[in-house]
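**Q** Sequence:
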Amino acid sequence: MLNLDTVKTQAVADQTRQTFAAMDTALLDAAQLTTAFIAAAQGSGLTASESQRILQRIHEGAGKIIEGRSDMIRATALLTRCLEHSQIAVTAVGCPLGMDAPAQDETPRHLTLVA
277 MLNLDTVKTQ AVADQTRQTF AAMDTALLDA AQLTTAFIAA AQGSGLTASE
327 SQRILQRIHE GAGKIIEGRS DMIRATALLT RCLEHSQIAV TAVGCPLGMD
377 APAQDETPRH LTLVA
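Numbering (the numbering used here), first residue to last: 277 to 391.
Treat the hints as calculated values from the structure; they're not laboratory data.
Model, not experiment: these values are computed from the prediction.
Wrong hints could be hidden among the right ones.
Stated by the list, open to error - Now the in silico label distances, taken between C-beta atoms and shown as ranges:
no.	residue 1	residue 2	range
1	Asp300	Cys358	17 to 27 Å
2	Thr282	Ser327	51 to 61 Å
3	Phe313	Asp347	20 to 30 Å
Yeah, the Cβ is synthetic: ideal placement off N, Cα and C, and Gly gets one too.
I would like the entire structure built from these sequences, with the hints used as guidance.
**A** Rendered as structure tokens:
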């Protein structure tokens, strides 16, 4: 059995939620950049080839954010597995994916992930 510090474990769970929020914000920003670029490129004189290269790079950057988010989901599954092998209940730190909106009845909510 793992002997995890409850305060440090909660800090990891909180930081995991913050990381997902930051990744989602970055992805949203990349999507907004795409639309802003398309609007700016229209009538600008950019050739189709030039605008295509720029769009491709923006798209590849967004793809890397999505890939990183997928990696974080797998890391979260491993963190959850550590909790399952410790003295701390999986529900004690909340859902690492941020899906545990405050409940009226304060019932702990969690998501069990499988890597």
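**Q** With reference to the structure, classify each hint as holding or not holding.
**A** Hint-by-hint comparison with the structure:
Remark: the range hint 17 to 27 Å for Asp300 to Cys358 is upheld by a beta-carbon distance near 24 Å. As the Cβ distance of Thr282 to Ser327 is approximately 53 Å, the hint placing it in 51 to 61 Å holds. For the pair Phe313 and Asp347, the supplied restraint of 20 to 30 Å holds, since their beta-carbon distance comes to about 27 Å.
When each numbered hint is compared with the structure, no violation occurs for any of them.
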